[in-house]
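Engineer: Sequence:
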Amino acid sequence: MAEYKPQEIEAKWQQRWAEARVFETEADPSKPKYYVLEMLPYPSGTMHMGHMRNYAIGDVVARVKRMRGFNVLHPMGWDAFGLPAENAAIKNNTHPRVWTNNNIAEFQKTLRRFGFSYDWRREISTCEPEYYRWNQWFFLRMLEKGLAYRKKSRVNWCPKCCTVLANEQVVNGGYCWRHEDTLVETRELEQWFLKTTAYSDQLVDELKELEGSWPERVIAMQRNWIGRSQGARVKFNVCDVAGVPPIEIFTTRIDTIYGATAIILAPTHPLVAKLLEGSSIRSGAEAQLAQMRQTSVKTEDLATAEKVGVFTGRHALNPFSGERIPIWVGNFVLMEYGTGAIMAVPAHDARDFEFCQKYHLPIRVVVQPVNGTPLDEKSLKESFGDYGVSFHSGIFSGLPSEEAIQKMVAFAEQGGFGRGEIVFRLRDWGISRQRYWGTPIPVVYCPEHGMQPVPDSDLPVLLPPNPKLTGEGESPLASTPEFVNTTCPKCGGPARRETDTMDTFVDSSWYFYRYCDPHNDKVPFDRAKVSYWFPIDQYIGGITHAILHLLYSRFWCKVMRDLGLVTHNEPIARLFTQGMVQKGGVAMSKSRGNVVGAIEMAEKYGADTGRIYTLFAAPPEKDLEWSEESIEGSWRFLNRVFRLVDKHAPAIRDAKNWNFDAASMNDKERDLIRLTYQTMLRVTQDFEKRWHFNSAIAQVMELTNEIYLAEPLENGVRPEIRKEVLQILTLLLAPMTPHIAEEMWEMLGNKDGLWKASWPVLAEQQLEMAKDDEIDMPVQVNGRVRATIQVAAGLGESEVVAKAKADPGVVRHIEGKQIVKVIFVPNKLLNLVVK
RNA sequence: GCCCGGGUGGCGGAAUGGCAGACGCUGAGGACUUAAAAUCCUCCGGGGAUUUUUCCUCAUGUGGGUUCGACUCCCACCCCGGGCACCA
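First residue of the first sequence? That's 1 in the working numbering, and the numbers climb one at a time after it.
For the record, the hints were derived by calculation from the structure and aren't laboratory data. From the three backbone atoms N, C-alpha and C, an ideal C-beta is built for every residue, glycine too. Take these hints with a grain of salt, some might be off.
Computed beta-carbon distance windows for the label pairs [said to hold, decoys possible]:
(1) A105 x S630: 26 to 34 Å
(2) A20 x S531: 27 to 35 Å
(3) V370 x E180: 51 to 59 Å
(4) D201 x D521: 55 to 63 Å
(5) T373 x R592: 48 to 56 Å
(6) P369 x P159: 32 to 40 Å
(7) D201 x Y387: 38 to 46 Å
(8) A20 x D521: 27 to 35 Å
Just need the whole structure built from these sequences, with the hints factored in.
Structural biologist: Below you can see the structure in the form of structure tokens.
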């Protein structure tokens, strides 16, 4: 009698897999491919069961696909740049590389301990020059195409540290993380941007390719984020002052323009100063304006902040009505969206309503609801924002809103004072970080020739090995002279390097291409290899990355396509977002102190138990509450299966593989084989169609329970049939608990490793016998189950009805009544409708 | 405010419009054992009737609807979780 010793078994098989290079793959156009990928981890601290669940799901998919004959690419790597490493280095006075590499070693050890089927030869770490040089290479290509540019932009600034802070370093609603008494300020700095907005339309339109294979809500979040809206620009001429150009406003509701009772500009709108020149109320207004511009860093506050406005003393002319309306400045108008100026239509916009009420501006109804009582501007309690019928709108009165919009846009275009326009919420991607631990941006500044790109031949621009990391003052690279001082690629004269580094989302926007060709030192990747493996067949990760990571990855793909590097529009064919692992109702995290360490679990129960538990405890898309009691159940189950195989192995090890023969089976054998085949079919469905790993496991548990109840099997079940049953059971478990499965496979007498085995399939005859030949059919009377009768499979309606009518449980409910209808679902159910 | 999810026993959860609660956890009882652990077996939503067997009835957030039949589909509402948000 052997005992289940996961520590020994798992080490043994991991070594065999490594020796046989089971998980190493190469592009091979003669084989069908499958690229399954889990989002690459940021290596911080230790790996917990929340991480593990993600990889367990991916590994089941990878192993099932391998067993089904696919050439599977399943790689792993490290998102190794980033702020935490730099912070840790400042705190502990070490180098970010040391901290990062220690964590990587820890993470890698953990993943290996769990036996995930990665091709480790393809491992990449984004902080290595072999990787980040290609970030720089792509940046230069984008610079050439005008997709990378510099502009002034706001950053968080701590006046005590004298340095730029990331959003996550701004704490407690606007204070510095290191000086909790110091309010963070905003400063304008020149920053690098990538022109994501050049692809706004494609990023929305090509979401269509993902419908049905990405979670609906992720698509919705992306669509929302890009925020395309159809509207119009309209020019309002300014009265009373010479030399002020017309004010352009943006609106999605041009049909409400007759109800505009003011123009409102963003506080930072460039025309504000000109309007105030010589205005009678200039001095008072300017103080208020200065305060408005000093907006809080926190955008959450904005939504709830009270609306504040200042009248400029000027007026503009409504090009539709010719009416003179006042020009205001309002704190709720954003310079970054549309044209930075709006028309206020209080009757039909909630924000305008609030503003105009406060400042006693007139309210005018110009759209009436289609049904219901007409609106009256004197008694209006809230704005009416829906479409309806135009009202008091000159020649457009009486038109439905949709039609009014069309006609009024056309009218504005003819008159030369407006045009239809689409605007996006999406902004360009700011990639500048005033940090050390990131990819240096490869440009230099020459006093003679200005900004110059670093030539490809000089890549990579390496990070200096020994920066001064203090968290204060200038950015680390700027205070490292040996890095900053360089020569101009054009004239050879002295020049300064750019000292910003790139956002780490750059690293993760294209890493999955590099996996296809991780060691190429000529180009980012070989096109043929990528065109074999791409698109990613299945990407698995947390919902937290639903917007930015995936949006930037999609953007990057489109840029690469336009550079001629790839031919597809979308990099990720299918996306799956798994739920979080929680403890005490909240996600596991080091800061909350509720992590369950993955290595600890592997030491206590073994990797297989840890894997199967995270798969069993909840469906993969849902959050999972960790329970130390429940994992014991998974441990018991694996022991139960192991004992079963161990008990029978000696007697069946040398039995021949069974040649299916329906006729020779006795009842006990038939029941056992049938249940085995049925289980197999259900598990296959759960894996392939539904991703219900929890119910797949439940099926296998049920089969195991039934085998136990049929013990002793040796009474009446031939060795070859016992072998068939136990082998299928083993194969079904293999993708989820690969180590114990290999061990049992060997115990059952197989010379070749299970890794060479295929997923079981049934021949026609076997499928036929897997069907039940006798069915427990529920019989309903008026939709309520009153009896269950045993009928032969395929029995016809009249025979079943006859049998049902003879059942005492049915008789009781139909006696003295008339059967008015019979619902018969063959092999399923009978329902008698009586009166 | 808008957009997604979700609401089923003591708990995690299962159920293509067809026997609600599979499977697991917890709990109870029994077997084995000197004993314990481990293991194996049985029971385990509420109420009622019945000595037993068994039968009836209520029950999937609430209220309606469609249907022979609804956890499942439709309408309205309540609660919980998440995302977005002065985006004109």
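Engineer: State for each hint whether it applies.
Structural biologist: Hint by hint, here is what the structure shows:
no. : hint                    : in the structure
1   : A105 x S630: 26 to 34 Å : holds (31 Å)
2   : A20 x S531: 27 to 35 Å  : holds (29 Å)
3   : V370 x E180: 51 to 59 Å : holds (55 Å)
4   : D201 x D521: 55 to 63 Å : violated (36 Å)
5   : T373 x R592: 48 to 56 Å : holds (53 Å)
6   : P369 x P159: 32 to 40 Å : violated (53 Å)
7   : D201 x Y387: 38 to 46 Å : violated (25 Å)
8   : A20 x D521: 27 to 35 Å  : holds (29 Å)
Checked against the numbered hints above, the structure violates hints 4, 6, 7; every other hint is satisfied.
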